[in-house]
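Keeping the supplied structure of chain Y fixed, place chain C upon it in accordance with the hints.
There are 2 protein chains.
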Amino acid sequence: MAMPTDLEIARAAHLDPIGEVAARAGIDDEFLELYGRDVAKVSLDAIAANRDRPRAKYIVVTAITPTPLGEGKTTTAVGIAQGLAAIGKRSMLALRQPSMGPTFGIKGGAAGAGYSQVLPMEKLNLHLTGDFHAITAAHNLLAAMIDNHLHHGNALDIEPHSISWRRVVDINDRALRNVIVGLGSRIDGVPRQSGFDITAASEVGVILSLATSLHDLRERLGRIVIGYNRDKEPVTAENLHAAGSMAVILKDALKPNLLQTTENTPVLVHTGPFGNIATGNSSVVADMVGIGCADYLLTEAGFGSDMGAERFFNIKCRVSGLHPDAAVMVATVRALKVHSGRYTVKPGRPLPSGMLLDNPDDVWAGAPNLRRHIEIVRSFGVTPVVALNVFPTDHADEIDAVRQIAEECGAHFAASTHVVDGGAGAADLARAVVAACEEPARFRYTYRLEAPLADKIEAIATRVYGADGIDLSPAAARELAHFEDLGYGHFPVVMAKTHLSLSHDPALKGAPTGWRLPVREVRAAAGAGYVYTICGDMRTMPGLASHPAAERIDIDADGNTVGLF
Amino acid sequence: MAMPTDLEIARAAHLDPIGEVAARAGIDDEFLELYGRDVAKVSLDAIAANRDRPRAKYIVVTAITPTPLGEGKTTTAVGIAQGLAAIGKRSMLALRQPSMGPTFGIKGGAAGAGYSQVLPMEKLNLHLTGDFHAITAAHNLLAAMIDNHLHHGNALDIEPHSISWRRVVDINDRALRNVIVGLGSRIDGVPRQSGFDITAASEVGVILSLATSLHDLRERLGRIVIGYNRDKEPVTAENLHAAGSMAVILKDALKPNLLQTTENTPVLVHTGPFGNIATGNSSVVADMVGIGCADYLLTEAGFGSDMGAERFFNIKCRVSGLHPDAAVMVATVRALKVHSGRYTVKPGRPLPSGMLLDNPDDVWAGAPNLRRHIEIVRSFGVTPVVALNVFPTDHADEIDAVRQIAEECGAHFAASTHVVDGGAGAADLARAVVAACEEPARFRYTYRLEAPLADKIEAIATRVYGADGIDLSPAAARELAHFEDLGYGHFPVVMAKTHLSLSHDPALKGAPTGWRLPVREVRAAAGAGYVYTICGDMRTMPGLASHPAAERIDIDADGNTVGLF
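Quick note, the sequences are listed as chains Y and C, same order. FYI, this note's numbering numbers position 315 of the first sequence as 315, with every residue one higher than the one before it. FYI, this note's numbering numbers position 295 of the second sequence as 295, with every residue one higher than the one before it.
This is chain Y alone, in the form it adopts within the complex:
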């Protein structure tokens, strides 16, 4: 009998009233704001209320270097949360909120898969409780106030060409990447070139993900730098008197959203900053809520351990003050075979036929990538667990090869069949996570905040990515000096690079050695509180395909949504 589709499984699942899910999770009813029967926002007052409870074991879910197809990290994180519940542990999962725009682009929905999904999937993939819309509105209000300031005489003496604050929409809209605004007559503003990014790339979204309280949010918004005046001094959202309104727009968006898995395990879904130029992690406040509720709090970080997890350790944990106990690295036979360098996979195309043959040698050839990711996690003093997300096409001796590679590195290992079996299929993995959390963790950062910015960049490049060193362009070096003059020297660093390689070159699979990281350009996100390097072409506004998913999504005769999966 064929396995039911994700949509069929989602529709057949029994959802508990979200208040019951919250109660089991240790979140008191008084902290819930219902959004329909199946979703609730959690007040940040829950953090203080649970302060005296024992803190949950804290596990970040990361991955080896993924293929462009993705390796099922979200569904594995869901599976572990279900698996922990299946072995009698109180688990909670914190996930990023998917961006709505790409849902109508190439990917369809993003809510896990099979019997390890987050529900209701339709809400998760569309508006949820409107947090992304609030980010869009706050971001664009600031943009309108900038152009309005220019229009009404430019009292702050803003240099128009220095304005780096663009607008955002949560839609894949390539035609908005580069626009000229302010055309028309004298009452229609001041003409200048600008553009739109997708909402997930907004600094406002990063700020929302890093804020520890409403007041912290308000202060960070005020520190956003939108450009410079003619004396080359930064002009902030505070200077424009925009930050108060932005905070008001974001008040509700600061509260994490509670949903549940197909097995009714609690899931906090909150914020979704881009994994390339931004932090790629869900919110600090969601983890602060979860750490006081569950016995095991899982939190997912975007892409591989060199990407989202590195920022999770060096940035998010620094802001939250929380220290992780273990890191789960999701691996697939498929990805390890690609890391052999013998295959190329592309989204929307069938796999190369040879990849589906039983060939553990391919897996061994890709092993350096997994080993490197285990080392990365170890470099933070955190216990690694390798989670093999098993596909029906995997062969037993291939699975065994992954086990051997992991165990040779001294990592915990389990294969997991949560997609077809739900939490029962992840019970071994859950037990491996519990065992890993029993080991003492000696969490440490890659760099001290007091180090010079260039040293922090170099530390990440060499100690995390395995580069021999960094090559700063003259422009990047100048910018770093400028940022240190402006007082940003103590900021942590986000490295904007491809997620498809440990290096900056997506074609370099496995664990590249003998290379240096070129840093072309450096920018600051002063409100969010980090400096970011541009190491490659970073797209901040996706486009739509010639026949995007939007063409297939519709309502059926019964009013049900079709085509979202």
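No lab work stands behind these hints: they were computed from the structure. Keep in mind that a hint or two might mislead.
Same chains, same names: a pair is fine if it fits in one copy or spans any two.
As a list, the in silico SDA-like pairs of lysine to any residue whose alpha-carbon atoms are at most 20 Å apart [what the hints assert, rightly or not]:
1) Lys123 / Asp252
2) Lys251 / Arg552
3) Lys251 / Ser162
4) Lys251 / Asp554
5) Lys89 / Ala23
Just chain C now, kept in the frame of chain Y:
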């Protein structure tokens, strides 16, 4: 003792759990989706469930020609709903949702005033349940799919210069009125000029307000015309395969939102299409829900009876099949004095000093405006009630003058002090409404749909506005012929003109006579299902002032929002 501010009254008000408000209103719990404690969406299944209940008396709340300051129509509508409850009647009120953008512009919040407010005011003025955000997203997805279609080869052969579908944001952003999109390199789309309107001007919002069901919504979205192909045939959202996704984005937004007044009277808040180029009324489905619940359903129409109410009668009632029993015309001493032609008032400026003197002669001099609005309501076969919204600065003989004018016309009349006294202050007005509803109504439209478009325009101009006739520009005449060729001949007509005069000239106060209405341009909203005439400059994207309200809105030390009022 000074009266408390609106904000103090709102904060001190006791809100009932919204489920209790719904239960009292006759809306069963199973039809509610809670959005926090104080707001709920109402499923459209409530319409069928209440089909066998006696239908409520149906009262539209309109106004005389307002001044730019507004005459308190929303607060009077709230007052009547409270007043009906105070005299023991089950009332319900349907209001438009305020647009968020202008909240940060000049006006501050819009939720009634004093002891006749809709609560929670912060939600009402900001995101509420995200319906406007959904309109923005659906509208802009279609825009992205248009530009994407051009980018990927333009298989539909769309003539780029014919594209009339712009983008929308719910922000006053003058710099977006006229933009060039698609700049950059070949992968960044096709350059062309376009622009942004405010979300309240979106045809998607009008469609949401007129749809009678999810399927009707889906069909109307498909009929949206975005431009023409090179054979001059209309290109629709259906042709672009966008309408299904748009309907999915709007699924929840189609459900009306339930809130309450300061006295816990139920209020349905739903959709807010512009009062100038669009219909300016709340949704058909909100009224369909309310008509089956309450004994008295009040529904507010934008601006004066020549504007929102004319469209309520000729368009909204035609779509819903509901027939009104009475029309309340909100008048103020202030507005009647302005209609004397002796005073000019401007927002943000003090009133001319002479206006506050006791001078009933000024009121009599402005009487023709009120008389004309009474005649307009009568022309629809609906019983008029003049509601004087009393200001503390009004004098007794001025109030009496308004009473005499109304009663000489045979209209019901009551003065109402709801702003300072709440429902108790509107009890007389509520009794006048009850009395009006006892009179037999012989509802009729201004025109038959089968009449030629030009005849419909002329019927509104002469029989509603009091013009001697219309002057169609050659371009307008050509467009009308074109629309009849395209099969739009049976559409009703929206007249886009100033709301500050019964004529097209905002300077003409009172009841202008001896004038003809110039029709410069005619456009079609084929999805919403009407043709609209442009009779004057219609702004579809407001700007921000040099010091907009956004600069004053903030959170205080306790996290409360300040500056929204």
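Verification of the supplied hints:
no., hint, in the structure
1, Lys123 / Asp252, "both (17 Å within a copy, 10 Å between copies)"
2, Lys251 / Arg552, "between (35 Å within a copy, 16 Å between copies)"
3, Lys251 / Ser162, "neither (30 Å within a copy, 41 Å between copies)"
4, Lys251 / Asp554, "between (32 Å within a copy, 11 Å between copies)"
5, Lys89 / Ala23, "within (15 Å within a copy, 40 Å between copies)"
Checked against the numbered hints given earlier, this structure breaks only hint 3.
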